[in-house]
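Sequence lines, in order, name chains A and B. Each residue of the first sequence is one higher than the one before, counting from 42 in my numbering. Each residue of the second sequence is one higher than the one before, counting from 7 in my numbering.
Simulated from the structure, these hints should not be mistaken for lab results. Each hint should be verified, as a subset may be incorrect.
One side of the interface only, derived from the structure: several residues of chain B facing chain A at Cβ under 10 angstroms [stated by the list, open to error]:
| no. | residue |
| --- | --- |
| 1 | SER27 |
| 2 | GLY42 |
| 3 | LEU68 |
| 4 | ALA78 |
| 5 | GLU83 |
| 6 | THR110 |
| 7 | ILE114 |
| 8 | ASP122 |
| 9 | VAL123 |
| 10 | ASN124 |
| 11 | ARG133 |
| 12 | LEU136 |
| 13 | ALA137 |
Examples of chain A residues lying across from chain B (beta carbon under 10 angstroms, computed) [to be verified]:
| no. | residue |
| --- | --- |
| 14 | ARG485 |
| 15 | ASN611 |
| 16 | LYS612 |
| 17 | TYR615 |
| 18 | GLU809 |
| 19 | LYS812 |
Glycine included, each C-beta is placed from N, C-alpha and C at the ideal position.
Letter by letter, the chains look like this.
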Amino acid sequence: MRLATIGKSVTRIDAPSKVTGQARYAEDWWEHGTLYARILRSPHPHARIVSIDISKALQLPGVRAVITGNDMPDRRMGILVLDQYPLARDIVRYVGEPVAAVAADSPDTAEDALALIEVIYETEQAVFDIESAMSANCRVIIHPDLGKHSKLSVTGIRPPAAGKGNVFLEWHIRNGNLDQGFKDAELIVENRYTVHRINHACIETHMASACIDPDGVLTIRSTRQGPGIGKPHACRFFDLPASRVRMMEPYIGGSFGGKADLWIELIAARLAQITKRPVRLTLTRKEVFETVSRSNFVIYVKDGVKKDGTLIARDIRFIVGSGAYSQMSSAIVRNAGFAAVGTYRTPNFHWASYGVYTNLPPSTAFRGFGAPEVQWAIEQQMDVIAEKLRLQPVEVRQRNLLHKGDVNVQGQMTTGIGAEECLSRVEEWLGSQPIEKKTGPWCRGRGIAVGNKYTVAATTSCVNVKVHPENRLEVCHGLDEIGQGINTVAAQVVAEEFGVAFEDVDVRWGDTMTMPYDWASMASRSTWQLGHAARLACKDAKRRLFEMAGQKLGAHPDDLETSGWKVFVNKCPYRSIPIRELFSPVGIVPGVGEIFGQGEYTEPKIMEDPETGQSPKAATTYMYGACGVEIAVNEETGEIRIERLVTAYDMGQPINPRMCEQQIEGGVTQAIGGLLYEELLTEEGVVKNSNFLDYKISGTMETPNLAKMCSILAPDPDERGPFGAKALGEGVLTPIAPAIGTAFYNATGLRVTDQPLTRERVWRLLKERKK
Amino acid sequence: MKQQVWLKVNGADYEVFIEPSRLLSEVLREDLGFTGSKVGCEEGECGACTVLLDGAPVRSCLILAVQAKGKAITTIEGLASEEALHPLQQAFIDHFAVQCGFCTPGMILTAKALLDVNPNPTEEEIRQALAGNLCRCTGYIKIIEAVLAVKNKGKATDGDRQG
Numbered sequence: 042m043r044l045a046t047i048g049k050s051v052t053r054i055d056a057p058s059k060v061t062g063q064a065r066y067a068e069d070w071w072e073h074g075t076l077y078a079r080i081l082r083s084p085h086p087h088a089r090i091v092s093i094d095i096s097k098a099l100q101l102p103g104v105r106a107v108i109t110g111n112d113m114p115d116r117r118m119g120i121l122v123l124d125q126y127p128l129a130r131d132i133v134r135y136v137g138e139p140v141a142a143v144a145a146d147s148p149d150t151a152e153d154a155l156a157l158i159e160v161i162y163e164t165e166q167a168v169f170d171i172e173s174a175m176s177a178n179c180r181v182i183i184h185p186d187l188g189k190h191s192k193l194s195v196t197g198i199r200p201p202a203a204g205k206g207n208v209f210l211e212w213h214i215r216n217g218n219l220d221q222g223f224k225d226a227e228l229i230v231e232n233r234y235t236v237h238r239i240n241h242a243c244i245e246t247h248m249a250s251a252c253i254d255p256d257g258v259l260t261i262r263s264t265r266q267g268p269g270i271g272k273p274h275a276c277r278f279f280d281l282p283a284s285r286v287r288m289m290e291p292y293i294g295g296s297f298g299g300k301a302d303l304w305i306e307l308i309a310a311r312l313a314q315i316t317k318r319p320v321r322l323t324l325t326r327k328e329v330f331e332t333v334s335r336s337n338f339v340i341y342v343k344d345g346v347k348k349d350g351t352l353i354a355r356d357i358r359f360i361v362g363s364g365a366y367s368q369m370s371s372a373i374v375r376n377a378g379f380a381a382v383g384t385y386r387t388p389n390f391h392w393a394s395y396g397v398y399t400n401l402p403p404s405t406a407f408r409g410f411g412a413p414e415v416q417w418a419i420e421q422q423m424d425v426i427a428e429k430l431r432l433q434p435v436e437v438r439q440r441n442l443l444h445k446g447d448v449n450v451q452g453q454m455t456t457g458i459g460a461e462e463c464l465s466r467v468e469e470w471l472g473s474q475p476i477e478k479k480t481g482p483w484c485r486g487r488g489i490a491v492g493n494k495y496t497v498a499a500t501t502s503c504v505n506v507k508v509h510p511e512n513r514l515e516v517c518h519g520l521d522e523i524g525q526g527i528n529t530v531a532a533q534v535v536a537e538e539f540g541v542a543f544e545d546v547d548v549r550w551g552d553t554m555t556m557p558y559d560w561a562s563m564a565s566r567s568t569w570q571l572g573h574a575a576r577l578a579c580k581d582a583k584r585r586l587f588e589m590a591g592q593k594l595g596a597h598p599d600d601l602e603t604s605g606w607k608v609f610v611n612k613c614p615y616r617s618i619p620i621r622e623l624f625s626p627v628g629i630v631p632g633v634g635e636i637f638g639q640g641e642y643t644e645p646k647i648m649e650d651p652e653t654g655q656s657p658k659a660a661t662t663y664m665y666g667a668c669g670v671e672i673a674v675n676e677e678t679g680e681i682r683i684e685r686l687v688t689a690y691d692m693g694q695p696i697n698p699r700m701c702e703q704q705i706e707g708g709v710t711q712a713i714g715g716l717l718y719e720e721l722l723t724e725e726g727v728v729k730n731s732n733f734l735d736y737k738i739s740g741t742m743e744t745p746n747l748a749k750m751c752s753i754l755a756p757d758p759d760e761r762g763p764f765g766a767k768a769l770g771e772g773v774l775t776p777i778a779p780a781i782g783t784a785f786y787n788a789t790g791l792r793v794t795d796q797p798l799t800r801e802r803v804w805r806l807l808k809e810r811k812k
Numbered sequence: 007m008k009q010q011v012w013l014k015v016n017g018a019d020y021e022v023f024i025e026p027s028r029l030l031s032e033v034l035r036e037d038l039g040f041t042g043s044k045v046g047c048e049e050g051e052c053g054a055c056t057v058l059l060d061g062a063p064v065r066s067c068l069i070l071a072v073q074a075k076g077k078a079i080t081t082i083e084g085l086a087s088e089e090a091l092h093p094l095q096q097a098f099i100d101h102f103a104v105q106c107g108f109c110t111p112g113m114i115l116t117a118k119a120l121l122d123v124n125p126n127p128t129e130e131e132i133r134q135a136l137a138g139n140l141c142r143c144t145g146y147i148k149i150i151e152a153v154l155a156v157k158n159k160g161k162a163t164d165g166d167r168q169g
């Protein structure tokens, strides 16, 4: 199929408004009479609330409301397990947990009022270590009434067997005979890996504003990722019908998953209900660092292989440190399993994942959703296997890669796997010239890794398309524009379908009152879902168009096509009519009204077996990638320098190649930062480095020189995807950390299984090695 | 106690009635509607609030509005002319240097300040100048390419909008 717009690097539709400052984000609106809200937070990681006295705070001039948990509906939030009150009731479970909230005339007054709220706590023991928390002997049970919490209906996820401490969910994938597999193995490699907590560090913090509009509709404007998550929760929480709740999301200043559990919306909404004024609640940077993070993980992998490197048994235990509440981490428990089955054949396999509470801040989704963390472990395993068997790392991977048509160990057909091509492109760019192993304090090494990322299934996207008489198309969708460029994708798809210029399309989004339903820009599903739904909407709009045009042209609607703003008869293009001539002077088509199309797309899924995790169709599709890296490690300072880095990705048909590069370059930088510079440091549940000075993200001085990085697009289109497209944004991260980890081993002889590799940690490791 | 303050923003004069403790970032955004400048940390670390004060990049989250009296303030809204975008703005579009866009206004203004004093910076000098502007989306590669493209076109100081 020859494509006119798809596959072209058209200018991003949002770039002009962003470079001029016209683009608006949630905090760029003020209503008349806006109040400013601030949250009082628990100083204890685990405590009973004995009493809260808000009387002095209420007396402060300018304070309009002070609320506690008892002023909110007695309902809990959550993604798979509903375990969290937006304002604590009776018990606090992490340092920073919201205990009270103030709405006042100015931010300073609200801040002053917090200091006047008197809370008496009775502290309880806390547990911070994941494995201690999941032990049956753990004396600290963070949610003793867990059994009473309701779960959203996601079949296949079961509460854990009794006696597992603070485990709230577990998930299994089983295939073959693991014991036999290990018996038949000629080598067994067993390791424990860990991944630490990091912060999303979006440049925009978290914010929600709420008001009750003149018609009584609860209106929330926020930085939320996922209107299809936030709105149903708000409806349920306040017992309001969907038509009486409006969520608005203008441009969002980055999310990476961090704004998916945005329960501050409910606090702002409650204050708006009570004060009958608009309320703004903006989290400070400190609050975001202290209360939002990626989960931490402990991963055990035991592999059994044959001497030729064939994997015959793999046993994985994947433990998710969810913090005090389950939030999005609950879904990671299941979804991380997709990463473990997506790349390699493993005839005898067991995956066991556990979601575990600790008294740390509740963690949430972070770009990759468990996939980068799983592959930090299994990709390094492949390298250990290669080394012990004296095989090449690439060879071991190639021997075990799934091929198109293979059924993976979860029971799903591999519909395409560009991993091999990505691996060979990366190998080729890196070259085989030997690198200078040591110069002065610098020792060098090369590493390579493969990665996959699934696209989630069973979610719904709706798109509307309207044809305007002035030769313009309008596409309306319900996703969030978090910077990934979904608006541009929407415009490209619709322009392609109608055979018009990309510039002829306007995109609308960000308002549940006027836009169609969608779930979220999440889980690598936006392009696939929106792409399909938009094409269906175009088909629907064309049907109406062709009905009217057919009457004018004396042709059957099935014989018509449209391109370049004309409708014409197939094979007789001279029999045509300009679309604008179908419209009356007031802009409607007589007999039809508006030329309008609706599209709905739900990716089918067959639910996994609750015992074995098996399903012939659990995930929508998989994207793949590979990374090759050369690093230099300074043995005196512990600094790791990226000397050369190449990545290749199979994202299916790229919709916009330069936008793909954007995702790659940003994702690679984020993955490098997460491994080498970033670490949330906690002490007794308190985050100690809650600012950009003490929590370092990559800046211009940390990213490799332009000449040393290369990103290769190596698409393997999935014919089931819209124009063959799959996904990219999350999967970018998956091969980066393990490639650096294995390069580190090759440089220093030290195998690191624990993240991060900050300078201080590396320095200590090297010092210990000297001893 | 509020006081009357005149601020010169993008060449035009504005009168505001504000507490002396109000930050320049707040007054620009909330009182005057120049929401192009963003607030990312309120501690001067992320650079999202960067505006130009007499041509020099400053953190508007660390400056009191009253401190900006008598100085020429340039925000992102003041860069384009009636006819065209500033070359940096156009370059950011053309080189795909924009994703979520939250760091973009601060990034462009800092780059403008660099090119105004050093029209011919090396890649290293561009990195150093932009080291105080954090971005979480782009990895900086296309931002640096955009600035290099403007330098190479020789249009470094086109249209000084300070007034």
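Here is what the structure says about each hint:
{"no.": "1", "hint": "SER27", "result": "8 angstroms, holds"}
{"no.": "2", "hint": "GLY42", "result": "2 angstroms, holds"}
{"no.": "3", "hint": "LEU68", "result": "13 angstroms, violated"}
{"no.": "4", "hint": "ALA78", "result": "17 angstroms, violated"}
{"no.": "5", "hint": "GLU83", "result": "5 angstroms, holds"}
{"no.": "6", "hint": "THR110", "result": "5 angstroms, holds"}
{"no.": "7", "hint": "ILE114", "result": "6 angstroms, holds"}
{"no.": "8", "hint": "ASP122", "result": "18 angstroms, violated"}
{"no.": "9", "hint": "VAL123", "result": "18 angstroms, violated"}
{"no.": "10", "hint": "ASN124", "result": "15 angstroms, violated"}
{"no.": "11", "hint": "ARG133", "result": "4 angstroms, holds"}
{"no.": "12", "hint": "LEU136", "result": "5 angstroms, holds"}
{"no.": "13", "hint": "ALA137", "result": "5 angstroms, holds"}
{"no.": "14", "hint": "ARG485", "result": "22 angstroms, violated"}
{"no.": "15", "hint": "ASN611", "result": "37 angstroms, violated"}
{"no.": "16", "hint": "LYS612", "result": "40 angstroms, violated"}
{"no.": "17", "hint": "TYR615", "result": "39 angstroms, violated"}
{"no.": "18", "hint": "GLU809", "result": "33 angstroms, violated"}
{"no.": "19", "hint": "LYS812", "result": "37 angstroms, violated"}
Going through the hint list in order, the structure does not satisfy hints 3, 4, 8, 9, 10, 14, 15, 16, 17, 18, 19.
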